[in-house]
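K.L.:
With chain G's structure known, arrange chain Y on it following the hints.
In the order they appear, the protein sequences are chains G and Y. Residue numbering for the first sequence follows this note's numbering, starting at 718 and increasing by one per position. Residue numbering for the second sequence follows this note's numbering, starting at 718 and increasing by one per position.
Derived by calculation from the structure, the hints in this document are not laboratory data. Bear in mind the structure is a predicted one, so any value in this text is a computation, not a measurement. Any given hint could turn out to be false.
To be verified - With a Cα cut of at most 25 Å, we get these calculated DSS-like pairs of lysine-lysine:
id: 1; chain 1: Y; residue 1: 788; chain 2: G; residue 2: 788
id: 2; chain 1: Y; residue 1: 751; chain 2: Y; residue 2: 812
id: 3; chain 1: G; residue 1: 772; chain 2: G; residue 2: 812
id: 4; chain 1: G; residue 1: 788; chain 2: Y; residue 2: 751
id: 5; chain 1: Y; residue 1: 896; chain 2: G; residue 2: 725
id: 6; chain 1: G; residue 1: 896; chain 2: Y; residue 2: 725
id: 7; chain 1: Y; residue 1: 772; chain 2: Y; residue 2: 725
id: 8; chain 1: Y; residue 1: 812; chain 2: Y; residue 2: 896
id: 9; chain 1: G; residue 1: 772; chain 2: G; residue 2: 751
id: 10; chain 1: Y; residue 1: 751; chain 2: Y; residue 2: 896
id: 11; chain 1: G; residue 1: 896; chain 2: G; residue 2: 812
id: 12; chain 1: G; residue 1: 812; chain 2: G; residue 2: 751
To be verified - Covered by chain G, per the in silico footprint, the following chain Y stretches (three or more residues, Cβ under 8 Å):
id: 13; segment: 811-824
id: 14; segment: 875-889
Heads up, the beta-carbon is just placed ideally off N, CA and C, and yes, glycines get one too.
The chain contents come next:
Number of protein chains: 2
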Amino acid sequence: MDVRSTDKLIDPFSVDIDIDEGIMKRATNHLVRKASDMRGHYADQAALERLIAEKADPLHYEVFEVPVPEKEGHLMYCISTLQPGQVGEECFMTKGHYHAVAATAEIYLCLRGQGYMAMKTADGRWSAEPMSRGRMVYVPPHWAHRSINTGGEPLISFCVYPGQAGHNYGDIEQEGFPKRVFLRAERVVIE
Amino acid sequence: MDVRSTDKLIDPFSVDIDIDEGIMKRATNHLVRKASDMRGHYADQAALERLIAEKADPLHYEVFEVPVPEKEGHLMYCISTLQPGQVGEECFMTKGHYHAVAATAEIYLCLRGQGYMAMKTADGRWSAEPMSRGRMVYVPPHWAHRSINTGGEPLISFCVYPGQAGHNYGDIEQEGFPKRVFLRAERVVIE
Numbered sequence: 718m719d720v721r722s723t724d725k726l727i728d729p730f731s732v733d734i735d736i737d738e739g740i741m742k743r744a745t746n747h748l749v750r751k752a753s754d755m756r757g758h759y760a761d762q763a764a765l766e767r768l769i770a771e772k773a774d775p776l777h778y779e780v781f782e783v784p785v786p787e788k789e790g791h792l793m794y795c796i797s798t799l800q801p802g803q804v805g806e807e808c809f810m811t812k813g814h815y816h817a818v819a820a821t822a823e824i825y826l827c828l829r830g831q832g833y834m835a836m837k838t839a840d841g842r843w844s845a846e847p848m849s850r851g852r853m854v855y856v857p858p859h860w861a862h863r864s865i866n867t868g869g870e871p872l873i874s875f876c877v878y879p880g881q882a883g884h885n886y887g888d889i890e891q892e893g894f895p896k897r898v899f900l901r902a903e904r905v906v907i908e
Numbered sequence: 718m719d720v721r722s723t724d725k726l727i728d729p730f731s732v733d734i735d736i737d738e739g740i741m742k743r744a745t746n747h748l749v750r751k752a753s754d755m756r757g758h759y760a761d762q763a764a765l766e767r768l769i770a771e772k773a774d775p776l777h778y779e780v781f782e783v784p785v786p787e788k789e790g791h792l793m794y795c796i797s798t799l800q801p802g803q804v805g806e807e808c809f810m811t812k813g814h815y816h817a818v819a820a821t822a823e824i825y826l827c828l829r830g831q832g833y834m835a836m837k838t839a840d841g842r843w844s845a846e847p848m849s850r851g852r853m854v855y856v857p858p859h860w861a862h863r864s865i866n867t868g869g870e871p872l873i874s875f876c877v878y879p880g881q882a883g884h885n886y887g888d889i890e891q892e893g894f895p896k897r898v899f900l901r902a903e904r905v906v907i908e
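Excised from the complex, chain G in its bound form:
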């Protein structure tokens, strides 16, 4: 047996997830992004400011997790919940990120809602996988990724990534994603 780690053993535990509603019960970590946290991400910045003003800076997305050690060999997991809506015609989305250790993958198992996982690499490749209940998207190492909600209810996924992965929001914020997703006359348009 290869016992490389000298880390202290942690005990097994379990977490209850409502896999129909997409709710992690008793999550201890709760990240909240409001509309005002999304400044600079949408094409129509004036529409975002109107949304913030008129709807009292509404909830945009949340991440629920029960923490484990952020170390290689461990697995981080969470429930990601992205609200439905548009900024102008552009569908609500997450900021998107690379992993700080870029060579790490992430798995998203969609539990509820409709949308896309948009992905890109630093050298300009782009991809979008449709998401709906039961669709598992594999985000390979080195791909930045962002969820986009094109439906009328929250887009909810169960996510797993390596303990050492971390988050890098800065690089993708500078690069941007090459395509955006809009809802026009009830049709999804990617451009």
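P.N.:
Then chain Y, alone, in the frame of chain G:
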């Protein structure tokens, strides 16, 4: 950005999972264990031989996966399906394994059925977490783990583990698990 890996980029992809029935559609890898593969694992070996003879060596458990590179940074994932039944009074179970790289965790999200995840460490610690739909069990690094079906339908979980983890069946086969799970007069007994 930390780009340690020189591996070639792989493209994103997605897989459809029926998260009510626990079926991975178009899985390309399919591991099958029949009753005869379980010789040496149950307390009542004569009962296992009768089962093999009388029921034509029935299906015991299956693992469905779509393969990704078995390397650090990637994530392996699968659907594990353990049939219901008993060998004598002992509930059907998987062989159980450590990871070849022992310092790696595994996440099991139960989609269907009733049972336990039994776990142990090389230094003799033991734990069992109940499993039912929506229960996520965190198997920490260094814990051998085995699923046990105490219900009347298949016990089905969605599993994720680090790409480099691998499997080590030999050590736990020699050590054995310190407790077994029986069904007696319709009651679950752990001893």
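K.L.:
Are the hints correct? Go through all of them and say.
P.N.:
Each hint, compared with the structure:
About 16 Å separates the Cα atoms of residue 788/Y and residue 788/G, which keeps this hinted pair within 25 Å; it holds. Proposed proximity of residue 751/Y and residue 812/Y is supported: the alpha carbons are some 11 Å apart, at most 25 Å. Proposed proximity of residue 772/G and residue 812/G is supported: the alpha carbons are some 20 Å apart, at most 25 Å. Straight-line distance between C-alpha atoms of residue 788/G and residue 751/Y comes to about 37 Å, which puts the hinted pair past the 25 Å bound.
About 24 Å separates the Cα atoms of residue 896/Y and residue 725/G, which keeps this hinted pair within 25 Å; it holds. Restraint check for residue 896/G and residue 725/Y: satisfied, since their Cα atoms lie roughly 24 Å apart, inside the 25 Å limit. A hinted pair counts as satisfied when its Cα atoms are at most 25 Å apart, and residue 772/Y with residue 725/Y does not qualify at roughly 48 Å. With a CA separation close to 14 Å, the supplied pair residue 812/Y and residue 896/Y stays within the 25 Å bound.
Distance hint between residue 772/G and residue 751/G is fulfilled; the C-alpha atoms sit about 11 Å from each other, no more than 25 Å. For the hint linking residue 751/Y to residue 896/Y, the alpha-carbon distance of about 22 Å falls within 25 Å, and the restraint holds. Restraint check for residue 896/G and residue 812/G: the C-alpha separation of about 14 Å stays at or below 25 Å, so the hint holds. Our distance criterion of 25 Å between C-alpha atoms is met by residue 812/G and residue 751/G, whose separation comes to about 11 Å.
Given as covered by chain G, the segment 811-824 of chain Y passes the check, having 9 residues with a CB less than 8 Å from a CB of that chain where 3 are the minimum. Counting residues of the segment 875-889 of chain Y whose C-beta lies closer than 8 Å to any C-beta of chain G gives 7; at least three are required, and the coverage claim holds.
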